[in-house]
Amino acid sequence: MNNLTFGRYAPFDTCVHRLDPRTKIMMMILLLVSVFLKVNSWSSTLITSAVLLLFLIVVLLISRVSFVSLFKSLGAMWLLVFLLVIIYVFIPNSSYNPNHIAFYIGNYGINYDAFYQSGYIIVRLVMMIMITMVLTSTTKPMDLTYAFEWYLTPLKLIKVPVHIIAMTLSIALRFIPTILEETQRIMKAQASRGVDFNHGGLFKRIGALISLIVPLFVSAIGRSEELSNAMEARGYDPYGKRSRYRKLHFGFNDLVAFLLVFAIFGAIVALVVIDKNFFEVNYIYWIFGFNPIF
Amino acid sequence: MKCIEVKDLTYSYDENTPVLKGISFDIDVGEYVSIVGHNGCGKSTLCKLLIGLLEKNSGSIVIKGQELNQENLTSIRNKIATVFQNPDNQFIGATVEDDIAFSLENMNTPLNEMTQKVKEAASKVGMIDYLTKEPSYLSGGQKQRVAIADALVREPEILILDEATSMLDPSGKKEILDLISQMRKENPSLTVISITHDIEESYNSDRIILLDEGNLVLSCSPSELFDNRELIKKYNLTVPFVVELKYKLEEIGYKFDQNPSLEEIGEKLWQSK
Numbered sequence: 001m002n003n004l005t006f007g008r009y010a011p012f013d014t015c016v017h018r019l020d021p022r023t024k025i026m027m028m029i030l031l032l033v034s035v036f037l038k039v040n041s042w043s044s045t046l047i048t049s050a051v052l053l054l055f056l057i058v059v060l061l062i063s064r065v066s067f068v069s070l071f072k073s074l075g076a077m078w079l080l081v082f083l084l085v086i087i088y089v090f091i092p093n094s095s096y097n098p099n100h101i102a103f104y105i106g107n108y109g110i111n112y113d114a115f116y117q118s119g120y121i122i123v124r125l126v127m128m129i130m131i132t133m134v135l136t137s138t139t140k141p142m143d144l145t146y147a148f149e150w151y152l153t154p155l156k157l158i159k160v161p162v163h164i165i166a167m168t169l170s171i172a173l174r175f176i177p178t179i180l181e182e183t184q185r186i187m188k189a190q191a192s193r194g195v196d197f198n199h200g201g202l203f204k205r206i207g208a209l210i211s212l213i214v215p216l217f218v219s220a221i222g223r224s225e226e227l228s229n230a231m232e233a234r235g236y237d238p239y240g241k242r243s244r245y246r247k248l249h250f251g252f253n254d255l256v257a258f259l260l261v262f263a264i265f266g267a268i269v270a271l272v273v274i275d276k277n278f279f280e281v282n283y284i285y286w287i288f289g290f291n292p293i294f
Numbered sequence: 295m296k297c298i299e300v301k302d303l304t305y306s307y308d309e310n311t312p313v314l315k316g317i318s319f320d321i322d323v324g325e326y327v328s329i330v331g332h333n334g335c336g337k338s339t340l341c342k343l344l345i346g347l348l349e350k351n352s353g354s355i356v357i358k359g360q361e362l363n364q365e366n367l368t369s370i371r372n373k374i375a376t377v378f379q380n381p382d383n384q385f386i387g388a389t390v391e392d393d394i395a396f397s398l399e400n401m402n403t404p405l406n407e408m409t410q411k412v413k414e415a416a417s418k419v420g421m422i423d424y425l426t427k428e429p430s431y432l433s434g435g436q437k438q439r440v441a442i443a444d445a446l447v448r449e450p451e452i453l454i455l456d457e458a459t460s461m462l463d464p465s466g467k468k469e470i471l472d473l474i475s476q477m478r479k480e481n482p483s484l485t486v487i488s489i490t491h492d493i494e495e496s497y498n499s500d501r502i503i504l505l506d507e508g509n510l511v512l513s514c515s516p517s518e519l520f521d522n523r524e525l526i527k528k529y530n531l532t533v534p535f536v537v538e539l540k541y542k543l544e545e546i547g548y549k550f551d552q553n554p555s556l557e558e559i560g561e562k563l564w565q566s567k
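Chains as they are written, first to last, in the numbering used here: chain B, 1 to 294; chain L, 295 to 567.
Warning: the hint list may mix true and false statements.
[Unchecked claim] Here are the simulated lysine to aspartate or glutamate pairs, DMTMM-like style, with alpha carbons at most 20 Å apart:
1. B/140 to L/428
2. L/427 to B/143
3. B/241 to L/299
4. L/373 to L/320
5. L/350 to B/143
6. L/350 to B/232
7. L/528 to B/225
8. L/342 to L/299
9. L/342 to B/143
Simulated from the structure, these hints should not be mistaken for laboratory data.
Produce the entire structure from the sequences given, and follow the hints as far as they go.
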């Protein structure tokens, strides 16, 4: 169960934890858009990425997200990164400047731009992971469902049963630990009957998995029936009027946090829309004394 | 006044295997009735019929003067609270407080009333310190106590226990039974129907209803049942420890009153030579 720790809720009491989940979801969307917006000039890209990265690191520190689990999840991504670099380096791209050849492999010229592009993609992926990690490790899954329900409320106008979807979702979340426990119990029971989950060829392992999945499904279906009985016995009527025990509260802190993120988002959008290089100075030139790209 | 009147109730899951073959009984207000019988005798089916989770084939169920049917199902269900067997599968909320609030949400209770009632019920069952805990951190007995708290906030007139203690260890079982007798003390008009395998548990009830293969074969007080050793033999029942002890002592010549407690038996032994 330990490999499921990525982005799992960490019960601290920081100001990020206390924010309204609706605010956090909206901020996440804004930040993701900011990260993936393509700013035109190269130096603006560098500046905006640096600002975003710095901002995210500060947020990670404030919300006490563990950097260890961040690096672990990055470690799981190495194959993706490797493929990205391969694709960017070896696939010819007409947008690369043909004069920026770094070196030749046989007759094929490898472009500096390719490394720059793949590096940029990797940085954006890392930032994406950071953003989602902050959301999931500071917000209880149940609060996330409440927030989703709130955002989906307008769909009620076109007769989408939003509250039923939200109830289904929250019950699914509630039963994850129970089903995991059950999985382990069945695995132990089957192992004691001689099923080997860890060794053998592909087909043997798939066979072993079937001995886990079939009883798991049978018990899950049995559970769902008992659960629906219990819900009905406790007066649950999906189409009746229900009050809410959990009320979401949009406070002053939410407003401040939202405005901050919105300012970052707005600045980046402005950069894209105005489409002009504000940062004429070429920082790379300053640092290295030469410019490999321009 | 009658609380529940059941008349000629039949039910079958499919045509060839009737589960209930026309049973009739009455239950008074404030009575504590145990329904006992072997596996597959129709106990749990009877419970599901009483709360309208299954629809009867024929016969009638009258609860508090109202015949149970599709129209008044909701209003009748609001009078009944049910505690089921499996502690995990009736825990609906994410945390203890959410779970207790679930029934109140269904009754459209306003928020401030809800918070107060949740706290009251949780402290009554001794779970006030666990309000924000998730079910995976609770023992089976604690989860079942939360289920009782759910039942409490519904302010029921009838409490149905569908083998509520059968998955608990002895101490968990005792906690739940103590809670129920406390509930009955606080509210004498509470009718309790306990569907149970546990003969010790039924020994403390006012009346035992014995089902056998879909028929009601006996409805009498525990002491009447356990005095009748032929019946015990005929339906192959296990008897509570006290009763068994009494039987054994009677075989070697002791005489007891109808329904002696362990202390009374001890007293008798102490006084004999």
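Here is what the structure says about each hint:
no. : hint           : in the structure
1   : B/140 to L/428 : holds, 12 Å
2   : L/427 to B/143 : holds, 15 Å
3   : B/241 to L/299 : violated, 31 Å
4   : L/373 to L/320 : holds, 17 Å
5   : L/350 to B/143 : violated, 41 Å
6   : L/350 to B/232 : holds, 17 Å
7   : L/528 to B/225 : violated, 35 Å
8   : L/342 to L/299 : holds, 15 Å
9   : L/342 to B/143 : violated, 34 Å
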